[in-house]
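Undergrad: So you can see what is in the structure, the chains are spelled out below.
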Amino acid sequence: MALTNSDFAIEVSALHKSFGKVHALRGIDFAVPRGTVLGMLGPNGAGKTTAVRVLTTLLRPDSGRIIIEGYDVVRDAAAVRRRIGLAGQATAIQLELTGRENLEIMGRLNHMPRSSVKGRAAELLERFEIADAADRPAKTYSGGMQRRLDLAASLIAEPSVLFLDEPTTGLDPYGRLGMWDIIRELVGRGTTLLLTTQYLEEADELANTIVVVDHGEVIASGTPDRLKDQVGGDLLEFTVPDRAQLDDAVRAVAGLSDAAPTGETDAKRIKVPVGSGGSTALVEAVRRLDAAGVVTEDLALHRPSLDDVFLAVTGHAAEAAPDGAAKGQKSPAAGVAS
Amino acid sequence: MTAIAGPLNTRARPSAAQMARWAISDSLVMTRRNLLVWLRVPAYIVFTVVQPVIFVLLFRYVFGGAIHAPGTGGYVSYLMPGIIGQTAAFATFATAIALAQEATKGVIDRFRAMPMARSAVLAGRLIADSIRMLIVILVIIGVGYAVGFRFQNGVAGAVGMVLLAEIFGITICSVSAFVGLVIKDEESVQAFGLIWIFPLTFVSSAFVPIATMPGWLQVFANDQPVTLVINAMRAMALGGPAFPLNPSLWESLLWLAGILIVFVPLAVWSYRRVG
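One line per chain: the protein sequences are A and B, in this order. If you count the first sequence from 1, position 63 lands on 63 in my numbering, and the numbers rise without skipping. If you count the second sequence from 1, position 23 lands on 23 in my numbering, and the numbers rise without skipping.
No lab work stands behind these hints: they were computed from the structure. Just so you know, these numbers come straight off a predicted model, no measurement behind them. Misleading hints may appear alongside valid ones.
Sample of chain A residues at the chain B side, in silico, Cβ under 7 Å [what the hints assert, rightly or not]:
| no. | residue |
| --- | --- |
| 1 | R60 |
| 2 | L86 |
| 3 | A90 |
| 4 | A92 |
| 5 | Q94 |
| 6 | R108 |
| 7 | L109 |
| 8 | N110 |
| 9 | M112 |
| 10 | R114 |
| 11 | T169 |
List time: in silico DSS-like cross-link candidates among lysine-lysine, alpha-carbon distance up to 30 Å [said to hold, decoys possible]:
| no. | chain 1 | residue 1 | chain 2 | residue 2 |
| --- | --- | --- | --- | --- |
| 12 | A | K139 | B | K184 |
| 13 | A | K139 | A | K118 |
| 14 | B | K184 | A | K21 |
| 15 | A | K21 | B | K105 |
Beta carbons are placed, not taken as given, at the ideal position from N, Cα and C, and that holds for glycine.
Kindly generate the complete structure, drawing on both the sequences and the hints.
TA: Put into structure tokens, the structure is as follows:
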């Protein structure tokens, strides 16, 4: 639609934004090629939401240039708004109204012709598996359904660029998986997506490119694989109760990856970095240890967390992480992996 | 060539007429949305309709016997314009609370990232609230008729009274919209609303003749806008000196215009800085 010469749907350069003395964004740069997914990863308070608010015309940047589908977000805010969709942690749906009413109202407010709103709403309700509950008040929906309805509302006018601010925060593992499926399908249809998340695993699952944001700056960027390599990838860990078997154990798992296993003799604990081949390595490790006759305890695969990324990139742990959010990600992640 | 270096798109912007049409249709969509929510929540109906009805019955039958009202038609006739004015003022609680909720929940942000007219959130809220107010006023008049109230000044007087009550309500709505958007915290909004709306409506001529109040209170009660509005409503409903050009009508309209001139821009300003 947009008459742009660029292959990028989103281009951000030297973006600064302060609130009084708080320097929320300190010169952010990135570009998102059309039809791809950018995952913006960072702890709470890193500046992710501020960046999204500037990109979606809700906040004026102090300086810097942001072009969305060829339009400047400051000078051509109205044109930008016609091309973007936004969904986030806070839902815009009115809980007293039905799913269908919510979508139809959003369609009308996006200036869609009355004739096409109904059909589009019905189509989205069907696609997002809300059709059965379409005529019930949204307050009777599960958290996952409400989030899907909210996402549907942001898609009603078929935006070419979609912003999702922590779309799965607060969802249970099942709701999270459902959301991931929907997001993948959207991207398959050519939508450009900017997604913020506190979960490395989520960015890994969905994004083509990840930018890690901390204290208002991009501290690392690249493909998920590159980022995970920087961290060292998955880590296989187990305990060998019988000290005499420690050496056998190390030998058994030595060939699992390029990196050498590390053992803590006192704790009888062995760690093996296994790159991105986590689950295969897990199976292989069990097989080899069994063949070598080594008895193990607590054999587990740890996926790198946001904390690990921060440790690898900045040398310090992620600060201002919300209670349990950054830590708690390991449990749903493990559930997904197994 | 990248767009950073290259020329920006400059597509023709919508015409002023198109923008105006969108502003109207967006406001009406928001009005419909707000009214639907009101109709769906029994608690809102109870708060907005049942409560004023209870006030009518309480004042008519519990306090009515003890209050000696001037004029014809007894206390119920004196009371009804007061209750209607109070109802219009109280209805604006909902305006403040709804806007505060939308501001804190991030709903307003979402609307602002959409191409809809910027004015539609406030306009849709005010239109919906004035429609709701009108419905409640008509219900109360019905209840008033059941307990002995009669308009004594013809249809024009009755319509005039309802109109003034509406203008009064919309004016207070603009104050409430500002209060709701500035305070934003729902419970604080509720508490603060009680602090300023209750004294204004009770320390007025709404329920009792001001002459029965202590002298120091009369000073305030006599000249405050709620008293002027209710005196004018009473004059239109019941007939009074120099109808329809009762001086309180002009004085109250002046007051209301003054409040609107101050608070509509303040409400718009507070709406812009939400978030």
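Undergrad: A separate judgement is required for each hint: does it hold in the structure or not?
TA: Checked hints:
Evaluation of the A:R60 hint against chain B yields a violated restraint, the C-beta minimum of about 11 Å exceeding 7 Å. This hint holds: A:L86 has a C-beta 4 Å from the nearest C-beta of chain B, less than the 7 Å allowed. Using the Cβ-Cβ criterion of 7 Å, the hint placing A:A90 at the interface with chain B is satisfied: the shortest such distance is roughly 3 Å. At a threshold of 7 Å, the smallest CB-CB gap from A:A92 to chain B is about 4 Å, leaving the interface hint in force.
Because the closest C-beta pair between A:Q94 and chain B is about 6 Å apart, less than 7 Å, the hint holds. For A:R108, the interface hint holds, since its Cβ comes within 7 Å of a Cβ in chain B; the closest pair sits about 5 Å apart. Against a cut-off of 7 Å between C-beta atoms, the interface hint on A:L109 holds, since the closest Cβ of chain B lies about 4 Å away. At its closest, the beta carbon of A:N110 sits 6 Å from a beta carbon of chain B; the interface hint therefore holds under the 7 Å criterion.
Contact between A:M112 and chain B, as hinted, is not supported at the beta carbon level, the nearest pair being about 10 Å apart and thus beyond 7 Å. Taking 7 Å as the C-beta contact cut-off toward chain B, the hint placing A:R114 at the interface is violated, the least distance being around 10 Å. Proximity of A:T169 to chain B is violated relative to the hint, the smallest CB-CB distance being about 13 Å (cut-off 7 Å). For the hint linking A:K139 to B:K184, the alpha-carbon distance of about 22 Å falls within 30 Å, and the restraint holds.
For a cut-off of 30 Å, the pair hint linking A:K139 to A:K118 stands: about 21 Å separates their Cα positions. Simply put, B:K184 and A:K21 have alpha-carbon atoms about 23 Å apart, close enough for the 30 Å limit, and the pair holds. Taken as a hint, the A:K21 and B:K105 pair is honoured in the structure, with Cα atoms around 25 Å apart against an allowance of 30 Å.
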